[in-house]
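Colleague: Below are the chains, spelled out letter by letter.
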Amino acid sequence: GQQVMQIPQYQHVQEGEDFTTYCNSSTTLSNIQWYKQRPGGHPVFLIQLVKSGEVKKQKRLTFQFGEAKKNSSLHITATQTTDVGTYFCAGLNGNQFYFGTGTSLTVIP
Amino acid sequence: NAGVTQTPKFQVLKTGQSMTLQCAQDMNHNSMYWYRQDPGMGLRLIYYSASEGTTDKGEVPNGYNVSRLNKREFSLRLESAAPSQTSVYFCASELAGTNQPQHFGDGTRLSIL
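If you read the protein sequences in the order shown, they are chains A and B. Position in the first sequence (first residue = 1) + 2 = the working numbering. Position in the second sequence (first residue = 1) + 279 = the working numbering.
Treat the hints with care, as some may be off.
Stated by the list, open to error - Estimated spans, in silico, between C-beta atoms of each pair: (1) Q379/B / Q11/A: 25 to 33 angstroms; (2) K53/A / N307/B: 47 to 55 angstroms; (3) L348/B / V46/A: 23 to 31 angstroms; (4) G96/A / D317/B: 35 to 43 angstroms; (5) L392/B / V57/A: 44 to 52 angstroms.
To be verified - Interface residues of chain B toward chain A, partial, derived using beta-carbon atoms under 8 angstroms: (6) M320; (7) G321; (8) L324; (9) Y343; (10) F369; (11) N378; (12) P380; (13) Q381; (14) G384; (15) D385.
Honestly, the hints are just simulated from the structure, not real lab data. Glycine included, every Cβ here is placed at the ideal spot set by N, Cα and C.
So here's chain B without its partners, still in its complex pose (with noise of 0.2 angstroms):
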């Protein structure tokens, strides 16, 4: 059971690439969200999926973009990278509703040249 798995680990663009993040989730949770990770910021959601065929923008959505391909896939888009993109952005995925606990991916560290 891998839980929450998200490719790849590290990537280096350079700016105005783009790239999509993967995340899939075999737990057969409803819900999943991307966030980013800033030292000093905590995580900040990006975006979220309630459900399969729904996404709504979160806390910092600029620059990015979402598609929850089915109810195990989740990725994250962007379409012309920033330096100020450069984070380390985690999936999760919830079971269903805001009471349940949060299963986190180990991350895709991303670096923006």
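So that you can see chain A by itself, here it is in the shape it has in the complex (with noise of 0.2 angstroms):
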């Protein structure tokens, strides 16, 4: 069954407004990438977390990753429409990928 939990599952925001989705694992992940999927595209990789507590940063994205390795954010700065879609986590457990249920994301202008 599903491993890797995500919330929340749509989110709307002003234009502006900071954005932040959580994913949760029940099992301790070796590492997580996150991906972004426009509406009508295909999921893009925006970044993988490997180090327990690592932050990383690309421009107005930061991404975290818990200390006991099983959860993980990503937070969007001032967001902008180019933001909208799909953001998804996948958590590697063994050798399998567990992606997150995703969080949509829609941004109003």
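Make the complex out of the two chains shown on their own, each in a separate frame, by following the hints.
Modeller: Here is the structure:
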């Protein structure tokens, strides 16, 4: 069954507001990847986190991997309309990646 | 450089029909994957191939078979399609190991009536 849960499922924000999506696993993950999928498109790799407590930034995006390597978050500062899409985490457990259910972000201009 | 190419992009089948979804990558990647994406379920791994000549079951393999024809190509076959297999299917490839980004194709939208 699903090993990686992601919340919230949907998020509507005004342009300029911040956004955060959370990913939680029932088991310890070897690493975690984040992907973005635009409407009608395919998932595109954003970043990978490997170390416990790791924090990485990409411009307005901040990614964190929990100390216990069971949770992760993606935070977007000052959202823009180009941020619209569904954000997925994918946790590696054993030799398989388990994708979260995704958070669909809508940005209202 | 096409990346990961999936064919067809759309398909409608009747229950019980068979079909093969094709996937090819030109990035010399070793690992290839087949996922299905359903609303509210994220992407679920059907089968994967860590290297040419090997295939392994993922999270939801029932009703599917795969063939890693060569390093470039990884096909997914539905022997007897069922309405529960209506989904968007994505193929992905990865250079090697599990510390690399996965590169996805554009997907195949499959409807089974």
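Colleague: Within 47 to 55 angstroms or not, the Cβ separation of K53/A and N307/B?
Modeller: 28 angstroms, violated
Colleague: Would the hint on L324/B stand, with a C-beta cut-off of 8 angstroms toward chain A?
Modeller: 6 angstroms, holds
Colleague: Return holds or violated for the Cβ distance of L392/B and V57/A against the range 44 to 52 angstroms.
Modeller: Given a distance of about 48 angstroms, which is inside 44 to 52 angstroms, the answer is holds.
Colleague: Go through the hint on F369/B and say holds or violated, using the shortest Cβ distance to chain A against 8 angstroms.
Modeller: At 6 angstroms from the nearest chain A Cβ, F369/B passes the 8 angstroms test, so the hint holds.
Colleague: Does the nearest C-beta of chain A fall within a distance shorter than 8 angstroms of the C-beta of G384/B?
Modeller: At about 6 angstroms, which falls below the 8 angstroms cut-off, the nearest Cβ of chain A leaves the hint on G384/B intact, so it holds.
Colleague: Would the stated hint for D385/B survive a check requiring a Cβ distance to chain A of less than 8 angstroms?
Modeller: 5 angstroms, holds
Colleague: Is 35 to 43 angstroms a correct range for the gap between the Cβ atoms of G96/A and D317/B?
Modeller: 23 angstroms, violated
Colleague: Regarding the hint that P380/B lies at the interface with chain A, is the smallest CB-CB distance below 8 angstroms?
Modeller: Hint holds; P380/B Cβ to chain A Cβ min 4 angstroms, cut 8 angstroms.
Colleague: When the nearest CB of chain A is found for Q381/B, is that gap smaller than 8 angstroms?
Modeller: Where the cut-off is 8 angstroms and the nearest Cβ of chain A is about 6 angstroms from Q381/B, the hint holds.
Colleague: When you take the CB atoms of L348/B and V46/A, is the distance between them in 23 to 31 angstroms?
Modeller: Holds, since L348/B and V46/A (Cβ atoms, about 26 angstroms apart) stay within the stated range.
Colleague: Against chain A, is Y343/B within 8 angstroms by beta-carbon distance?
Modeller: At about 16 angstroms, which exceeds the 8 angstroms cut-off, the nearest Cβ of chain A leaves the hint on Y343/B violated.
Colleague: Should the hint that G321/B touches chain A count as held when the rule is a Cβ pair under 8 angstroms?
Modeller: G321/B check passes; min Cβ-Cβ to chain A is 4 angstroms, inside 8 angstroms.
The structure is inconsistent with the numbered hints 2, 4 and 9, although it conforms to all the rest.
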